[in-house]
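Protein chains in written order, with our numbering: chain A, -14 to 532; chain B, 1383 to 1522.
Bear in mind the hints are in silico, worked out from the structure with no lab data behind them.
Some hints could be false.
Examples of chain B residues lying across from chain A (beta carbon under 10 Å, computed) [as the list claims (entries may be wrong)]:
| no. | residue |
| --- | --- |
| 1 | Ile1398 |
| 2 | Asn1408 |
| 3 | Thr1430 |
| 4 | Thr1467 |
| 5 | Arg1472 |
| 6 | Leu1476 |
| 7 | Arg1479 |
| 8 | Ala1481 |
| 9 | Val1486 |
| 10 | Lys1489 |
| 11 | Phe1491 |
If we take Cβ atoms under 10 Å as the criterion, some of the chain A residues that face chain B in the derived model are [claimed, not checked]:
| no. | residue |
| --- | --- |
| 12 | Arg5 |
| 13 | Asp7 |
| 14 | Leu9 |
| 15 | Ser163 |
| 16 | Ser180 |
The structure presented is a predicted model; accordingly, all values stated were derived computationally and were not measured.
The C-beta atom is built at its ideal place from N, Cα and C for all residues, glycine as well.
Next come the chains, spelled out residue by residue.
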Amino acid sequence: MLSTLTHPDSIVLGRTLMERLDALGVALVRTRRSGQARVLNRAGRAESAIVQSGPFRDALRRQWDRVLKTARDESAFELMPGVWVRALPEGGLVSSGNQLAGVDRLNLVMMLSAAALASEQFVVACDHARLDVAAAQRQVADRLVTPEEAARLALTLGWMSGDDHVMVRRQRELQGLSSELADTYEELSLLYRMSTSLRVNQSASDVIRDACDELHQVVGFSWVAFCLGHNDRLEDVDRATVVVSTREHDRTKVREVADALTEHLREQPGPVILDDTAEMGVLGLEELGKNLLVIPLVIEGEVLGVMFGGDRLDGEMLSSIDAKLCESFAGSLTIYLENHMLYGDAQSMFLGALHALTAAIDAKDSYTHGHSERVALLARMLAEDTGLDHATCERVYLAGLVHDVGKIGVPEAVLCKPGRLTDEEFGLIKLHPQIGATIIKDIRQMQDLVPGVLYHHERYDGRGYPHGLVGEDIPIFGRLIGLADAFDAMSSHRTYRKALDLEDVLEEIRRCAGAQFDPRLAEAFVAMDFTPFHQLIARHERLKKTA
Amino acid sequence: MNDKPLVLVCDDESHIVHVVSLKLRNAGYEVQTAQDGAEGLELARQRTPDLLITDYQMPRMNGVELCAAFREDAALAKVPAMMLTARGFRLDPLEVRRARIAEVLSKPFSPREVLSKVQELLAANRPDQPEDEAAIEVAA
């Protein structure tokens, strides 16, 4: 068998000591001050007979203190003729000898020398146990020791027993340390997951909910609540209240307490451990729990909410380690929320700038007011209906917004001219897809929109411009935006004609499927629900009036 | 007979062994431990474990070699294996498949996660249970 003493499997202590005593032929005896005694290991019947005999009991009772002394002076003591005993110190007794006086129970080792077999007491013991004296003598003959050997064995066994106690203690310590280490691993892996898994483009409410679930499982609190106050820039988690608990909680109550705590922490922005919630003076707090940890959520330097929880499931009081873990956890989450806000800012700034740009283009021609936004909306709706993924649909929307950006390079006199255009004028108009593509192609974040801008005037039958591409050779962005663009043009007033009815426009699209439009897209388009489109038009009309 | 499932844990870092064993023992498993792959294989041949959890980097015989040795031993071939590796250490997926390593977790791992994977793997690897039930039904 492989021995792995440094591993948790190693030994079940005590049993090993007994096995060793068995092998040495030494009896291990459990005794009491009253004289009661019992052999614990597999020593022979003779030894059992001795310790249960009247003379042994009398001797033990009378000389208890002398026997106790052997624990300290490491000697063997001849309790009866040829019967040598040595008390085994229990853990801690070795160093503080004066405590021995009050000890009422004791394990001792017992060795026999030749004198024992010849003694009158041995005969009494055998008689009492109905053992044949001669047979008992033969049985123990090979285990006999000399008084000198007894002294040496006593010394060695004392050391061994002492080591045994140390090992038991170490084993217990090791268990404790392992358990703490396991908790630390758990915490470390929680924080690691937090630091690697928080993505700014995830929904903030999902992130907070998942994170609190994890914390609740790791930290061993009976409940954890995470409450944010109001913030314009955190729309989806504005006044969010997340409670993870092993029992039911009234969320409104939690919310009220959270608001009160948030106020309270404004003056003292650090984690607080409350051993008794009654002392805090926050209304309703006592009902939530007794032993609580409260961590302020500081976002951009301001206390914007609290994370609190507690009443450990194992009944222990909260410690500074709990506080540290929760503080790091809350820190990670607030950094995430700050980044989420900045990401949102950047997103809305980008979109705002794009909308301003397209509005400026559309404004060049009063008839195309809101055109780019409508094309963007229609192209995205169509993209969604044809099963493109969410991210692509969003890009189609942006491409729709900027599809006419090249018109900035076309003279206003041409764009706004009522009536027919000359070939030369039409030639100028036809340049706008290329001008647009040139404008955006060097903006890294917009390079993928170029096909939508460049090819939105191509036709499925190859008679479009600028390149006369045919069928599926026209990039999907170009086909989507081309169709949306044609639809919006037909359904709006233009300098040269009046707007057509929706049904007429759809009929026209059906008629041109396969010629001007991708037939598959045309089929999906005419089946669309145009409510969002009409809502957008209504909004534009309202804005126009108030302007 | 002892009906606790036996898990063999091999790692040369004793703190890992202590943490994993503690978690598993508290959850009612019997745990045997070894300090490297060679010792683990020897223990497994003496008594077939229900599951193997091994580190990758160990002296004498590494974790993948240990799993491969399990696969070549008729008695151990079907024992599910789970591997713990240092964070950021990339195992060759082909090697992982070949040694039939069911789960790879990176350190620092969550002991809770280790336990739940152990439970999953042992539940998945117990085809004899429904058969036993069927046998009882027939007997009844």
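Less than 10 Å between beta-carbons is the criterion; does Thr1430(B) satisfy it with respect to chain A? violated, 16 Å
Hey, does the Val1486(B) contact hint survive, CB to chain A under 10 Å? Since the shortest Cβ distance to chain A is 15 Å, the answer is violated.
Residue hint Leu1476(B), partner chain A, criterion CB-CB below 10 Å: violated, 26 Å
Just to be careful: measuring from the Cβ of Arg1479(B) to every Cβ in chain A, is the smallest value less than 10 Å? violated, 26 Å
Classify the hint on Ser163(A) as holds or violated, based on whether any CB of chain B lies nearer than 10 Å to its CB. holds, 4 Å
Does the CB of Phe1491(B) sit less than 10 Å away from some CB of chain A? Given a least distance of 6 Å, the restraint on Phe1491(B) holds.
Hey, does the Thr1467(B) contact hint survive, CB to chain A under 10 Å? It is violated, given that the least Cβ distance between Thr1467(B) and chain A is near 14 Å, above 10 Å.
Interface hint check: Leu9(A), Cβ to nearest Cβ on chain B, cutoff 10 Å. Holds or violated? The hint is violated - Leu9(A) has no Cβ within 10 Å of chain B, the shortest such distance being about 28 Å.
Under 10 Å, Cβ to Cβ, is where Arg1472(B) needs to be relative to chain A, so tell me if that hint holds or is violated. violated, 16 Å
So, as I understand it, the hint says Lys1489(B) touches chain A; can you test that by seeing if any CB pair is closer than 10 Å? holds, 8 Å
Is the interface hint for Asn1408(B) satisfied, with its Cβ closer than 10 Å to some Cβ of chain A? Hint on Asn1408(B): holds, closest Cβ of chain A at ~9 Å, below 10 Å.
For the hint on Ser180(A), just tell me whether its beta-carbon gets within less than 10 Å of chain B. It is violated, given that the least Cβ distance between Ser180(A) and chain B is near 12 Å, above 10 Å.
Hint violations for this structure: numbers 3, 4, 5, 6, 7, 8, 9, 12, 13, 14 and 16, all remaining hints satisfied.
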